[in-house]
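Trainee: Single-letter residue listing:
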Amino acid sequence: MLSNRKHHSKKAGLPPGTLVYTGDKTHDIEISTIEFDAEKIAERKIADIAECAGLRDSESIAWIDFNGVHDTKTLTQVGEMFGLHPLVLEDIANIGQRPKADIFTDYVFIVAKMFRANGEDGEIIHEQVSFILGKNYLLSFQEMSGDVFEPVRQRLRQGLGRVRTNGADYLLYALLDAIVDGYFVVLERFGEKIETLEERLLEDPNEQIRAELHAAKREMIFIRKAIWPMREVLASLARERTGLVAESSEIYIRDLYDHIIQVMDTVETHRDMVSGLLDTYLSSLSNKMNEVMKVLTIFASIFIPLTFIAGVYGMNFEFMPELAWKWAYFGVWGVMAGVAVALLIFFRRKKWL
Amino acid sequence: MLSNRKHHSKKAGLPPGTLVYTGDKTHDIEISTIEFDAEKIAERKIADIAECAGLRDSESIAWIDFNGVHDTKTLTQVGEMFGLHPLVLEDIANIGQRPKADIFTDYVFIVAKMFRANGEDGEIIHEQVSFILGKNYLLSFQEMSGDVFEPVRQRLRQGLGRVRTNGADYLLYALLDAIVDGYFVVLERFGEKIETLEERLLEDPNEQIRAELHAAKREMIFIRKAIWPMREVLASLARERTGLVAESSEIYIRDLYDHIIQVMDTVETHRDMVSGLLDTYLSSLSNKMNEVMKVLTIFASIFIPLTFIAGVYGMNFEFMPELAWKWAYFGVWGVMAGVAVALLIFFRRKKWL
Amino acid sequence: MLSNRKHHSKKAGLPPGTLVYTGDKTHDIEISTIEFDAEKIAERKIADIAECAGLRDSESIAWIDFNGVHDTKTLTQVGEMFGLHPLVLEDIANIGQRPKADIFTDYVFIVAKMFRANGEDGEIIHEQVSFILGKNYLLSFQEMSGDVFEPVRQRLRQGLGRVRTNGADYLLYALLDAIVDGYFVVLERFGEKIETLEERLLEDPNEQIRAELHAAKREMIFIRKAIWPMREVLASLARERTGLVAESSEIYIRDLYDHIIQVMDTVETHRDMVSGLLDTYLSSLSNKMNEVMKVLTIFASIFIPLTFIAGVYGMNFEFMPELAWKWAYFGVWGVMAGVAVALLIFFRRKKWL
Amino acid sequence: MLSNRKHHSKKAGLPPGTLVYTGDKTHDIEISTIEFDAEKIAERKIADIAECAGLRDSESIAWIDFNGVHDTKTLTQVGEMFGLHPLVLEDIANIGQRPKADIFTDYVFIVAKMFRANGEDGEIIHEQVSFILGKNYLLSFQEMSGDVFEPVRQRLRQGLGRVRTNGADYLLYALLDAIVDGYFVVLERFGEKIETLEERLLEDPNEQIRAELHAAKREMIFIRKAIWPMREVLASLARERTGLVAESSEIYIRDLYDHIIQVMDTVETHRDMVSGLLDTYLSSLSNKMNEVMKVLTIFASIFIPLTFIAGVYGMNFEFMPELAWKWAYFGVWGVMAGVAVALLIFFRRKKWL
Amino acid sequence: MLSNRKHHSKKAGLPPGTLVYTGDKTHDIEISTIEFDAEKIAERKIADIAECAGLRDSESIAWIDFNGVHDTKTLTQVGEMFGLHPLVLEDIANIGQRPKADIFTDYVFIVAKMFRANGEDGEIIHEQVSFILGKNYLLSFQEMSGDVFEPVRQRLRQGLGRVRTNGADYLLYALLDAIVDGYFVVLERFGEKIETLEERLLEDPNEQIRAELHAAKREMIFIRKAIWPMREVLASLARERTGLVAESSEIYIRDLYDHIIQVMDTVETHRDMVSGLLDTYLSSLSNKMNEVMKVLTIFASIFIPLTFIAGVYGMNFEFMPELAWKWAYFGVWGVMAGVAVALLIFFRRKKWL
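Residue numbers (our numbering), protein chains in the order written: chain A, 1 to 353; chain B, 354 to 706; chain C, 707 to 1059; chain D, 1060 to 1412; chain E, 1413 to 1765.
Quick caveat, the hints were computed from the structure, so don't treat them as lab data. Keep in mind the model is a prediction, meaning the values are calculated, not measured. Incorrect hints may have been included.
To be verified - BS3-like mimics (lysine-lysine), calculated; alpha carbons at most 25 Å apart, straight line:
id : chain 1 : residue 1 : chain 2 : residue 2
1  : E       : Lys-1637  : D       : Lys-1252
2  : E       : Lys-1637  : A       : Lys-351
3  : C       : Lys-994   : B       : Lys-704
4  : B       : Lys-704   : A       : Lys-351
5  : D       : Lys-1409  : A       : Lys-288
6  : C       : Lys-1057  : D       : Lys-1410
7  : D       : Lys-1409  : C       : Lys-1056
8  : A       : Lys-217   : B       : Lys-570
9  : C       : Lys-994   : A       : Lys-351
10 : D       : Lys-1347  : B       : Lys-703
11 : B       : Lys-546   : C       : Lys-923
12 : D       : Lys-1276  : A       : Lys-288
13 : B       : Lys-704   : D       : Lys-1347
14 : B       : Lys-641   : B       : Lys-704
15 : C       : Lys-1056  : D       : Lys-1276
16 : C       : Lys-1056  : D       : Lys-1410
17 : D       : Lys-1409  : E       : Lys-1763
18 : E       : Lys-1605  : E       : Lys-1629
19 : E       : Lys-1457  : D       : Lys-1385
20 : B       : Lys-398   : B       : Lys-488
21 : C       : Lys-994   : E       : Lys-1700
22 : B       : Lys-704   : A       : Lys-350
23 : B       : Lys-641   : C       : Lys-994
24 : B       : Lys-578   : A       : Lys-217
25 : D       : Lys-1347  : E       : Lys-1629
26 : A       : Lys-288   : C       : Lys-994
27 : C       : Lys-1032  : D       : Lys-1385
28 : E       : Lys-1605  : A       : Lys-288
29 : A       : Lys-350   : B       : Lys-679
30 : B       : Lys-679   : A       : Lys-326
31 : E       : Lys-1629  : D       : Lys-1276
32 : A       : Lys-217   : E       : Lys-1700
Said to hold, decoys possible - Pair by pair, the computed Cβ-Cβ distance ranges are:
id : chain 1 : residue 1 : chain 2 : residue 2 : range
33 : B       : Asn-559   : A       : Arg-218   : 46 to 56 Å
34 : D       : Glu-1291  : E       : Arg-1651  : 16 to 26 Å
35 : A       : Asp-28    : B       : Trp-581   : 45 to 55 Å
36 : B       : Arg-409   : A       : Glu-250   : 18 to 28 Å
37 : B       : Gly-436   : D       : Glu-1291  : 45 to 55 Å
38 : B       : Ser-601   : C       : Met-850   : 50 to 60 Å
39 : E       : Arg-1651  : D       : Gly-1302  : 20 to 30 Å
40 : C       : Ser-981   : E       : Lys-1485  : 47 to 57 Å
Built from N, CA and C at the ideal position, the CB exists for glycine as well.
Using the sequences and the hints given, assemble the complete structure.
Mentor: Structure follows, in structure tokens:
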């Protein structure tokens, strides 16, 4: 989100269609291809994009996966090889895109956001993934290596499910499905985090928890913004008929659409929970203040009159008859005890004790 | 809701259409069938789904009710027997679905949420119910045994109303009607609970009630999310004409639609009430604080000047003419009483007493 | 509203179309008929619905008014006599309906909410009124006797306006117009109540007024929910052409529509006012707290240093040179007066005095 | 607004189309006519509406302006003369109308709200203005004399601009344009008022300013409600083609539409500013409370320990060795000074000083 | 924004289409032209608009840029030369326009808002820019000199990108693209400012920061209002086909549209952040109050009982046996220490220490 805001201005003043990578370079670009049909499958790691030349028009289906979109030279080559519009290439390199689907005559361009938990420390990583769906090929562009597509690759290798026997559009669906499943995993982590925060809040509400709740709220807003446009993406895919997406795939896309709605429902639920916890925090602040005030009031209200009485008999007037009475001192103690007890009863009646 | 969030990730990475039960296994699957036409009715409990084979094409109408959706083998058999799409079976087994209606060429698939109060302790139980409406048959899939359909079964047995003489679509309507009536029952309980909370709040506002109000608010949000999509379900049923839903049933569906709107109105009313009570709680906190402060202020403001006066005549100066006056002590008492009375009048004018 | 929530569950488990009165029985059903055409008019109170048999196909226009909808036997008879759908009868008897218009081939069914101020104590009464508009007849069903239709009856009797010369649809319009005029009367009362609350709030804000404001807010929400769907009712009437509503009536319906919009505007204005008053209440709480705190602070801050000074010279040290000074006592008074004056100036500078 | 709410009920129970003036009678009705074409112009004040008889079908264009709509007899005559529907006359006389445009076959009926600042004391006056646009004539009905149309009259007299050479629809546009310009003038005044309030708020936040802010907010809501429906009015005018509004006028209406949107933007901006100031007020209340509390805390916390020390050495025990020490008294002063200084440092560290 | 509100009323009462500059005159009008085709390019600064006469129908493409719109005479000449509608000229001169696109038969009129950071002090300047797109020419009208178009001029001069080889519509696109890139630059500055405010807020929350946050919120609202209508502008451009905007440009306009959505997303994110910080401020106020109260309570609650004990033994009764006890004084010290320790433990248990 911040990266989005921060990096776009790198491009201000450049002609549209200029390829500028708006992220931070983290590693070399890696290209891997999987060519398959119902019978066979071939995986390759390639160093030069030129090796992909034949894939565009091959009979079998090709999935070319790019890890890293900072190498504008490679992107330009890909653009020429597959006949992509310059603005499409610009959008691939600009990692601050909003999810969208653009339908061209001979390919479909899709931008999505992928969320996954980092294996080591469980930190949640998000990156932009772009897809180009052509007749027999699917290109995918990721910001960095590491993704949620491994199960799909396994199914391809083992020929499980429909993924080997269907076209490139089904592969696209399978990858989008993996991305959406990833949303559920991430939201679950959030759910657990919120529950932990709730427990800590009920134990000891403090400013630290409030800050974490605010951060969680902000993260929910960020996730919502990344996921919400996916609905339109899927709706566009289902609606526009270019021949690239088979009609029989409609049910799968509708299914994904339902999942996105479920994700959004969960996001909304989380937001409601976080808002509820923030309300709880504020009202617990008021409650603590009330408790502090009550203690002060009880102490002050009981001892102030007693101190006054003691003060009275500390006066130095010459004519103070009580001072000479034999039991006066003990009588005063009695009066003071009576006042204290009366006040304690009064406070108990008010339910302050 | 939490189960929804929690269990979906069980599926991450599996090929779409894979049958995975996302709930917790609670009991064995139970299958019961009711075959009926205008003249006769036959009820059976069956152990093996294979016994249902003939029902799909029988002349009479068949209602097959499955209690438990965790047995993926049975589901697969049902899928083959009735020609269901794999994604439909996946949705039946995945109990975190959003209510929806999918219209296929020879059957209609409906997901709904059923709410009912547990007989023993009145706890509210919710579960997912899926329906498959075919030409002459209706399949229903529940998460567990126990449902709100008993009155419909009674009417079937006794031949009351239109349910025996109309088709499977009317039976579906009757079951959905029973589910929607169940919503009213549950909302009534909620209404009573909210009224109880209101009474307790007016008596003694405390943190415990606030927590319960927050919980009630959260539950209302959950119910709203479960019920709201039912509108679309019914609208789809009324709109799409596959021949499975007779045109004469439209008025019944419209009626159900009206009931759903009424349910939503009631849910909104409840939410408004709960929000109002939360506001009441917060303002009663402020009022209590005000009251505490007033008591403190009155005690402190009255006794502090008096104590000061007593302190003055407790000083040990050698030349303090008042000390030797005969009536000085009683005069000081008079002055102190005057000060106290003046302050009491002042506070009464301010309406603090 | 509460009745709505409370009574619907009486019906849970019954076959749809079952006539169940969901209100409380308050009196016997009363039936009155008015038959009229441009030349003549005949009013009757009838005991048995069978007397209405001829009215359905008579040349003149008939208005049959039912006071009480709890007599399911009568309703069934009416249903048979005028060929009404069982669900329509169910909706008439179920007083928790939402306003709506259902267009059938030979009649139109309308549900509306009537608000009127009780003559005696000015309490606002609301009840459900259903209408069946046929070719030459209009049926109206009220929950209880007493309504806002008297002026229309007068106009019918005296042949004033267009009501005698136009069809049953114009009569329906005239009655709906009377209902909508009733909304204005009720809202005016509310407006006056809110103004009274405002005056009381400015004089002395207390918890009682807050509770009344909350109640007013809740009532506005209830009224809004009862009136809002009337827009759709009128839109349906204007849109659907069954021949029952003449095209020349469209301008009247549009006029009613405008009035409903005005009513809603007024309701919104009232809600805004009530919300504003609640805000005023809360901020006046804060102000009162501030004032209390200021009084406490001023008293405490002035007398605490003075008491300290007095305390110092109340010490019993043997060597305290000031004690023996001749003017020390009066000097201490001077110091204390100086401290008090300095503090008063300080507080006045802070605008606390 | 209040008048709206208050007066509508005058009409309850009357037949629709009954002419009832819902305002307060303030003066006699005044009728003035302007007849013009490109060459000549004639202005008249007329006493009897009958004098207008010829104007409906004259070749030149006639603008008849009525000041006062309380004279139902005159309105009825106008209605007959120009063939107006009774409901139109009713709406003209009922000054609580919402702005709207009704298209009839041979005339267009428009209701608008006119705002203007009273010349003398700058008070903002609003009144309802209705227009009837016919083939060659324009009728305008104002509640009282005084309007924002004087510049248009000047342009007519002097033949400036297009107003003399275009039809009655252009005159209508010119008058509506004058009304919309009036909105800008009124909003400017509001803007200045809000800025004044802001300055006063920053100087000294008090309850009075809060009340004025609330009043301003309420007025903004009122203005919004009066202006908002003008959008639809203009949209209707642009859309419906009756031949009364020339196609060439569309650009003018679109321009007015843009201005209304601008007005609404300004209204929203004002509302945001007022809301922001109310927030500022509330947070300044909290700040003041904090300041009061700090002063109290500092005074109390410093002198309470000192008074305690003084109290200790005011005790009358026989064996208190310190009392006899030579420098004890001055030592105690030193201790007390040390305690006070330590506390002052503590408070400064906490940034309370 | 304020200028908008303030200046529009200058126009009240004038005939529509009257040219009135609603801003403040800051400098002389400057006109510069760029004529270009794929082969050549010619730049001129011209003094008299008459020199542009031939540009309208020249073969090459002409971009005429006006700096300053206060010279109504020049505008009138331009209007005649290019056949512009008077209302268009009025809108160009009225700098309080809302962004919009009006499609005429032989030209398109566009109003946009340009934001840029002033070079010297980084202050953000906004001005209105209007465009007239004709067959072979593009007119641009800016309020003052200084703009974000320099990179486009550079590309024109150097023949970079597509801008020289495409038509005037592509030039318009390039300029709008530069304006939208400017939005990103401005939003980035805002992002940085908000982050700075956040840091300062966490260090020391004070009224000053709250005021700055409110100002930032108001500015975000202003920017939102200026940018939001750009969506419609671009949608109109894409939709309406007048031949002036080539079909091949649609993808560029769609791309701009996506950028505007991204800008709006960022604006929303900023608003959420500012709102979050305001919440943080308010809750930190409460926290500070709590802390102040705790210190007061602890001091007062500990010393008030001790002072009372000291007061008791300061009484002057003749019969107070303790006074004569040898170790009484030290015993009292012990009691007082015990009370203080007990209270400290009590407060630590309450987590106030």
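Trainee: If a hint holds in the structure, say so; if it doesn't, say that too.
Mentor: Each hint tested on the structure:
1. Lys-1637/E x Lys-1252/D: 22 Å, holds
2. Lys-1637/E x Lys-351/A: With a Cα-Cα distance of about 53 Å, the restraint between Lys-1637/E and Lys-351/A is violated, given a limit of 25 Å.
3. Lys-994/C x Lys-704/B: Satisfied, since the Cα-Cα distance of roughly 11 Å is no more than 25 Å.
4. Lys-704/B x Lys-351/A: 22 Å, holds
5. Lys-1409/D x Lys-288/A: Given that 25 Å is the threshold and the Cα spacing comes to 20 Å, the pair holds.
6. Lys-1057/C x Lys-1410/D: Cα-Cα ~22 Å, so holds.
7. Lys-1409/D x Lys-1056/C: 21 Å, holds
8. Lys-217/A x Lys-570/B: Roughly 19 Å separates the two Cα atoms, so the pair holds.
9. Lys-994/C x Lys-351/A: 22 Å, holds
10. Lys-1347/D x Lys-703/B: This hinted pair holds, its Cα atoms lying about 20 Å apart.
11. Lys-546/B x Lys-923/C: 21 Å, holds
12. Lys-1276/D x Lys-288/A: Not OK: Lys-1276/D and Lys-288/A at ~34 Å, beyond 25 Å, violated.
13. Lys-704/B x Lys-1347/D: With Cα atoms ~22 Å apart, Lys-704/B and Lys-1347/D stay inside 25 Å; holds.
14. Lys-641/B x Lys-704/B: 16 Å, holds
15. Lys-1056/C x Lys-1276/D: 30 Å, violated
16. Lys-1056/C x Lys-1410/D: 19 Å, holds
17. Lys-1409/D x Lys-1763/E: Distance ~19 Å between Lys-1409/D and Lys-1763/E Cα, so the pair holds.
18. Lys-1605/E x Lys-1629/E: Distance ~12 Å between Lys-1605/E and Lys-1629/E Cα, so the pair holds.
19. Lys-1457/E x Lys-1385/D: 97 Å, violated
20. Lys-398/B x Lys-488/B: 22 Å, holds
21. Lys-994/C x Lys-1700/E: With Cα atoms ~20 Å apart, Lys-994/C and Lys-1700/E stay inside 25 Å; holds.
22. Lys-704/B x Lys-350/A: 19 Å, holds
23. Lys-641/B x Lys-994/C: Measuring from Cα to Cα gives roughly 13 Å; hence the hint holds.
24. Lys-578/B x Lys-217/A: Given that 25 Å is the threshold and the Cα spacing comes to 20 Å, the pair holds.
25. Lys-1347/D x Lys-1629/E: Holds. Lys-1347/D to Lys-1629/E sits at ~23 Å (cutoff 25 Å).
26. Lys-288/A x Lys-994/C: Answer holds: Lys-288/A to Lys-994/C is near 20 Å, not above 25 Å.
27. Lys-1032/C x Lys-1385/D: Since the Cα atoms of Lys-1032/C and Lys-1385/D sit roughly 22 Å apart, the hinted pair holds (cutoff 25 Å).
28. Lys-1605/E x Lys-288/A: 34 Å, violated
29. Lys-350/A x Lys-679/B: 44 Å, violated
30. Lys-679/B x Lys-326/A: The given pair, whose Cα atoms are some 21 Å apart, holds under the 25 Å limit.
31. Lys-1629/E x Lys-1276/D: 19 Å, holds
32. Lys-217/A x Lys-1700/E: 24 Å, holds
33. Asn-559/B x Arg-218/A: 46 to 56 Å: The hinted range 46 to 56 Å is violated for Asn-559/B and Arg-218/A, with Cβ atoms some 32 Å apart.
34. Glu-1291/D x Arg-1651/E: 16 to 26 Å: 22 Å, holds
35. Asp-28/A x Trp-581/B: 45 to 55 Å: 49 Å, holds
36. Arg-409/B x Glu-250/A: 18 to 28 Å: 26 Å, holds
37. Gly-436/B x Glu-1291/D: 45 to 55 Å: 52 Å, holds
38. Ser-601/B x Met-850/C: 50 to 60 Å: The hinted range 50 to 60 Å is violated for Ser-601/B and Met-850/C, with Cβ atoms some 35 Å apart.
39. Arg-1651/E x Gly-1302/D: 20 to 30 Å: 28 Å, holds
40. Ser-981/C x Lys-1485/E: 47 to 57 Å: 53 Å, holds
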